[in-house]
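**Q** In order, the protein sequences belong to chains F and H. Under my numbering, the first residue of the first sequence is numbered 1, with each subsequent residue one higher. Under my numbering, the first residue of the second sequence is numbered 1, with each subsequent residue one higher.
Mixed in with the good hints, there may be bad ones.
What the hints assert, rightly or not - Below, in silico cross-link-like pairs of lysine to aspartate or glutamate (DMTMM-like), each with a Cα-Cα straight-line distance of 25 Å or less:
1) F:Lys179 with H:Glu290
2) F:Lys224 with F:Glu87
3) F:Lys200 with H:Asp445
What the hints assert, rightly or not - Incomplete in silico selection of chain F near chain H, CB under 10 Å:
4) Arg124
5) Ile145
6) Gln260
These are computed hints drawn from the structure, not numbers from a lab. Ideal placement from N, C-alpha and C gives every residue a C-beta, glycine not left out.
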Amino acid sequence: MRNAIITPLVLLSLALSLLTPLASADDGKGLAIAKERKSRDAGWGDSESLTTMVLRNAAGAESKREMRTAALEMPDDGDKGLTIFDEPRDVRGTAFLNHSHPSSEDDQWLYLPALKRVKRIASRNKSGPFMGSEFAYEDLSSFEIAKFHFNYLRDEACGDSTCLVIEQTPADEYSGYSKSVVWLNQQYYQPEKIEFYDKKHSLLKTLTLQDYQLYLDKYWRPHKLRMVNHQTAKSTDLIIHKISFNTGRTAADFDTNALQRAR
Amino acid sequence: MRLLISSLAFITALTNAAPQQLAPVQTADTLWKLATQARPDEQVAMVQVVYALWQANPDAFTDKNINALRLGNQLTVPERSQMLAISEAKARQWYHQAIAAKPGRSIKTLAQANNYTTKNPDTAAILPAPAHEQTTATAATSSTKPQTESLANKIYPISPVLNTPETKPAPEHWLSALNQAYTLSLEQRFYPTSGEQGQRNTNTSVALSAEWVWQSNDRAHQLVLEPFLRWDQTDNKRNLIDVRQAYWQYAGDGFDVKAGVDIVFWGVTESQHLVDVINQTDLVATIDGETKLGQPMLNWNLYGDAGTLSFYLLPYFRERTLAGVDGRLRPPLPFATEHTEYESAQAEKNLDFALRWTRQFDELDIALSYFEGNNREPLFTPTAQGQLQPLYLQMQQLGLETQLISGSWIWKLEAIYRKTRQQDFIASTLGFEYTQVGLFESSWDVGWIAEYQYDSRNTLSPVLGQNDLFLGARLAANDVAGSEILLGLVQDLDNSDSRSAKIEAAMRLTSNLRLRFDAWLFQSQQPTEALYFIRHDDYLQLSIDYYF
């Protein structure tokens, strides 16, 4: 009796699994997943965090970066971010202001403390290394739907849970990547791993995101991000020590006037 | 009344001091229902009781799922203090997630979370696992055992964790109340040729600066103090005690006000800064004029949709630093800085003022400014004693700054109209900066800069940048050492043999040390040119900056 029930189910699932590769690869599922990811993370408002970056070269020699970051969610635009560098000491007091935009180029400014100068910088090239690390500027910008084309690849076990594996192709021709593959936790819709492929389609870097913690009962934030460059054997750990939400920051804290005051 | 409640609570707490047991679990029982019986008083939240019950009775639940209470078990009621060990907020957060774990598939999820709790020292610190796992959890908390890196072992914690996973204590606040930073710089210059007036070939100088910044918690008030000291081996006119910043600033809603000494930068171009007139130039520091002296000021900035409007009242004037008799990079006649003259009867106490409006239109930035007061640039009149006497005239200046960003290009324009008793003129800098990243597939970036410098004053007056072209390249290695090189050349378009060139290179040695190399080259054949006086003052400079 039991077998009689199971067999049709097995057959059905077999038929489905055979059918899947024949159907078009995605049918908008990748985009739907990306939208779900974005919507689950909406509404966090503003935050402040303290971050350490540990840069490792191929021989394992380490170098450290310390910075403070404030971020503001813009409901109808990309997020705004302000980063103040504390270490290494020669760049101490340098501040970086970024207004990201989903479908146009970001607005970026640097505050140079030696000259007390606010300097607007060209933002087209986002593939450059951030502070000499394995993170590129584009790796650290906010996740926006308009920045990518999405393609759902498969479900895959990751740890004890299941991940949705999504291929993301950057919409911006000035991205340093041909594509990236994201392992998104099916339960939390947060990335666990991202593989970045260079313009020649070979694997360049792998990012693993760990120590996810829950804030405001809704928002998961990773506290340890490790980027490994497979082509140079260099790696960077980005460790977030502390995140605070509802810090009372407004758009006025993210303009060039505030950048001049940023300490 | 309040006293009565709290004393009642105290008595209840006392009566509950000894561990109690609840009746065996019945079919109709839920953990919440049992918790209402176990709750000692109203000051303990229900969720705290639920959490403590779950924690104290790990075997009363199937797979430790709070929704899967086992029949017939007798639950031990923990002490009141144990219930209060977890904050209500954290208990509530835990509870909402725990009840969401439905029997069946989700039981495993909760079990996983518990496993994670024991693995993750931080989770353990806030939400101890059920009693029998307590020892392992404590052990994990005290050890700094590195976490397993592999993706396979990573599981989401089901509970919020507010602790931090670092090995050293991290700063508690975004900005510590008082920030302090110190810089000690040692500079060694070498001039290949002896000075025109027999000055030395080598020179050492030392500079020390400190910066103290205090900010109120709401970031509205800010106090900044930056004293600067410089000692020079040969030229006592290069010795300097300065206050670069010493101000209080208040930032309100749509405005800020500042009172004290500060340095204000105006401008967009790279090769020269025509519009930038608030601060006096510390010319003996660097020949490029980029080092400034602190300027006493009252400053209001108003922000709005129409841009930013800034007002400056400048009650005290700073004289330009000029080389002494033993110093290099000066005209043949020495400066008589002790006999400085002013057009204004108030001399350095003349009340100068300035205003500036800036606005950003997407890719386009525009600024208009007006300045009235002591000209920052002195005129020199030869005296009977064979010296050059600095004279500061009154001036009015209109300034324009625009820049347009287009992809990797930034187009820049600065222009001034300046009027003094002696003359009026127009000067301008127009050019671009083009950024190329990943040069030759490396991590090197290069910024190409080309700027044309124009000045309407006649070519016989000794000013730089009358009809000159600046070409520059800023190279950044984007490496761990933050290595960068700036190459620049200013070519006079009227005199093909008149030019200056510079190299600025820097790299980080350690987190606290930066090494700099600078070289300047001056060429001129025309005695009427400003460059002519310093044509034998080419120099190389090696500097070390120590940050502490």
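**Q** So, for every hint listed, does it hold in this structure?
**A** To see whether the hints hold, each was checked on the structure:
1. F:Lys179 with H:Glu290: violated (44 Å)
2. F:Lys224 with F:Glu87: Within the cut-off at roughly 19 Å; holds.
3. F:Lys200 with H:Asp445: holds (20 Å)
4. Arg124: holds (5 Å)
5. Ile145: violated (22 Å)
6. Gln260: holds (9 Å)
Violation of the numbered hints given earlier is confined to hints 1 and 5; the remaining hints are satisfied by the structure.
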